[in-house]
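Here are the chains, one letter per residue:
Number of protein chains: 2
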Amino acid sequence: MSAAFSFSIENRIKNGQGRAGTFLTPHGHIQTPCFAVVGTKATVKSLTVEQVKDIGASVVLANTYHLYLEPGTQIVKKGGGLGQFMNWTGPTITDSGGFQVFSLGAAYKQSVSKIAELRLGDGADRSSDDILINDSTMAKVTDDGVEFKSYIDGSAHFFTPERSIQLQKDIGADVIFAFDECTSPHASYEYQKEALDRTHLWAARSLAEHKKGMEISQALFGIVQGGRYNDLREKSARYIGGMDFDGFGIGGSFDKKDIEATVSRINEILPDDKPRHLLGIGDPLDLINAVEMGCDLFDCVAPTRIARNGTLYTERGKINILNAKFKNLFRPIDPHCGCYTCRHYTAAYIGHLFRAKEILANTLASIHNLYFIISHVKRMRAAIINGDFADFKNAFMEKYVA
Amino acid sequence: MSAAFSFSIENRIKNGQGRAGTFLTPHGHIQTPCFAVVGTKATVKSLTVEQVKDIGASVVLANTYHLYLEPGTQIVKKGGGLGQFMNWTGPTITDSGGFQVFSLGAAYKQSVSKIAELRLGDGADRSSDDILINDSTMAKVTDDGVEFKSYIDGSAHFFTPERSIQLQKDIGADVIFAFDECTSPHASYEYQKEALDRTHLWAARSLAEHKKGMEISQALFGIVQGGRYNDLREKSARYIGGMDFDGFGIGGSFDKKDIEATVSRINEILPDDKPRHLLGIGDPLDLINAVEMGCDLFDCVAPTRIARNGTLYTERGKINILNAKFKNLFRPIDPHCGCYTCRHYTAAYIGHLFRAKEILANTLASIHNLYFIISHVKRMRAAIINGDFADFKNAFMEKYVA
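Chains as they are written, first to last, in our numbering: chain Z, 1 to 402; chain U, 403 to 804.
What the hints contain is simulated information worked out from the structure, not anything from laboratory work. Check before you lean on any hint, since a few could be wrong.
Derived SDA-like pairs (lysine to any residue); straight-line CA-CA distance at most 25 Å [as the list claims (entries may be wrong)]: (1) Z/Lys257 <-> Z/Tyr191; (2) Z/Lys212 <-> Z/Thr142; (3) Z/Lys78 <-> U/Phe732; (4) U/Lys676 <-> U/Asn632; (5) U/Lys480 <-> Z/Asn320; (6) U/Lys759 <-> Z/Tyr191; (7) Z/Lys78 <-> U/Ile721; (8) U/Lys571 <-> U/Thr491; (9) U/Lys780 <-> U/Phe732; (10) U/Lys759 <-> Z/Gln74; (11) Z/Lys327 <-> U/Lys759.
So, partial list: chain U residues that the calculated Cβ filter (under 8 Å) puts toward chain Z [claimed, not checked]: (12) Thr445; (13) Pro473; (14) Met488; (15) Asn489; (16) Asp674; (17) Asn725; (18) Lys727; (19) Lys729; (20) Asn730; (21) Tyr747; (22) Leu755; (23) Arg757; (24) Ile761; (25) Asn764.
The calculated label-pair distances, taken between Cβ atoms and stated as ranges, are [what the hints assert, rightly or not]: (26) Z/Glu398 <-> U/Lys780: 51 to 59 Å; (27) Z/Ser150 <-> U/Glu549: 48 to 56 Å; (28) U/Asn730 <-> Z/Met214: 34 to 42 Å; (29) Z/Met397 <-> U/Glu452: 55 to 63 Å.
For each residue, glycine too, the CB sits at the ideal point set by N, CA and C.
Given only the sequences and the hints, what does the whole structure look like? Please build it.
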């Protein structure tokens, strides 16, 4: 790990895998477990950076694929790198673009009929603000790289592991990811196996390219893949975990019912002394399980995407603010919430903004949901530090699931 | 005037009509001349109230027609009235809905072919976030009131002067307006004359209804109409100006070339000791002329509407941020601007947000344009107080028009 980075573990869940730590980056420390807010296109949708700070966020995750297409990585570089370009002074992360190349590139002007089979929280929603998933055979994959089409204008582009690392170097986030092949959750075992071999090959090439540019202070995370197959997941964890990465991402899709056991097994294999980022998972209950199973970092577009549809978290579960029963509710969405939205606006007013299709609806709802998720993960961290994670989990579940 | 209100003039332009004053309302004083920000549906589009305060706004103007349809005036009333409902603690104004009833109601599912002939800044854009204008004969007008259709679902509604005042009482803004007939700028002299008589009849009925509810601390402004005909404008100014209103609105459309002379003539006739609100005018140059001719209050959707299209004010005129020349401009939109946007973000970044169709583009651009217009009017006030309005005007024009 570059000297500009370090990861230390402060406490652990008794007899468990979960841990609380501190990940130091050139732009400040990240207290883990931590939820990174998604700023796909160098903006956390509908929020100013002051609002992002105000909700307690400490890390922003942007996307290489999107920034490559617009405004272009050279513009971000000239603007001082991701943080300065978007006026965010804290730590930043970029995803490698692997997921987007396969999901968005393949889906350009094609049928996206498989979307309906996928749902938020199934792990398919990795780091993107777009949920299009399609048959991965529609992007042209060779061992060399991937040819894909721009979701903006259909123009053809080619990404290799080396290219992804170079682009991420230009963007200049603190943490970058190896380029991987992200398969469809419907891919066969045979295809998953072939794709995994390629992902491992690409991990080595990503790492080699990264080491060429070590004068730049960036940490490179490798990505564990393997889809829904436990043997492939274990193989991947051993392979990627054995390489000289600064941390690890756990990518791809899971069966909802298997996620706990699979993630637990992966984390048993991965080195204990490096941070682990579970990519694209943001459901409050999934987050509890993932923290318990030893994941340190998270990101997901779900909190802001569902917010823009009027779905809001409360300590008693999700609500839809468009429900008629909120029309006359002149109190906050969640009376126990300390977010800006709940401190200043009523449920009736926010419901009105949604009905009136006002932009401010997105802003206030996004603030609320991100604050909820960030605070939720912070409370887990505090519970691990204080040695009462099990009590926290029981208390949360009792209200949230009831 | 209710005891809760007062208007005092502090200084005047030498040998001119313009004046600087203070208009005291139950929710604070308004230093005039003043630009009221438009919050049509109880929200200043894309901004939180903290952002609205931060740009220096002191008054919010909402719309009776829109709030009547959604969320309903009873909801606003139950929410504590307009200010509390939207979390705005300062002074508030509602337009009577007259303009919207004729423009939006008449236009529901109808041809709106006349729109193209109208442009922002022509005075047709009064207090609404919608620019639809149609032949006023398409709303069913009788001396009793107007039947119109909801722009949301086409349902039929009926407004009378009494009803408008009652609705505005429920909404509870500090300043409310008499219900008027807003004619098409293309209406004949004969029709304008007939409509003006009706507006005068409705002014009397609005005033009578208002006086029934004088226990409520609201100021009622009458509206001068008359379209593009100077004799009708003068007649209206004499008639409305002679009534016991707390202030006056100048509504309807003008010929751009006549606006100065017409507004000047109207203000010569209106009582000197009451505030005058020029409805729906917000162009920087029009504002200078209107202040010079003795108008005290303004509102217009143009600054935020053009902002959402990427058109931004600078001291050297308007720019479109989507222009390619801004792609690599890593400095603020206007280096001399003190707004939040210019203090924190570059032109390159804002252009990126617009190209990426990100919501934050609207927010940052609206903050900039509103700050520009509000500061512009505040500078005019300071110039009147300091006795150097002519110098201010020359200095502004020299840069802005060049």
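- Task: Identify every previously stated hint that the structure contradicts and give their numbers, smallest first.
- Result: Checked against the structure, the hints that fail are numbers 6, 9, 11, 16, 17, 18, 28, 29, while the rest are satisfied.
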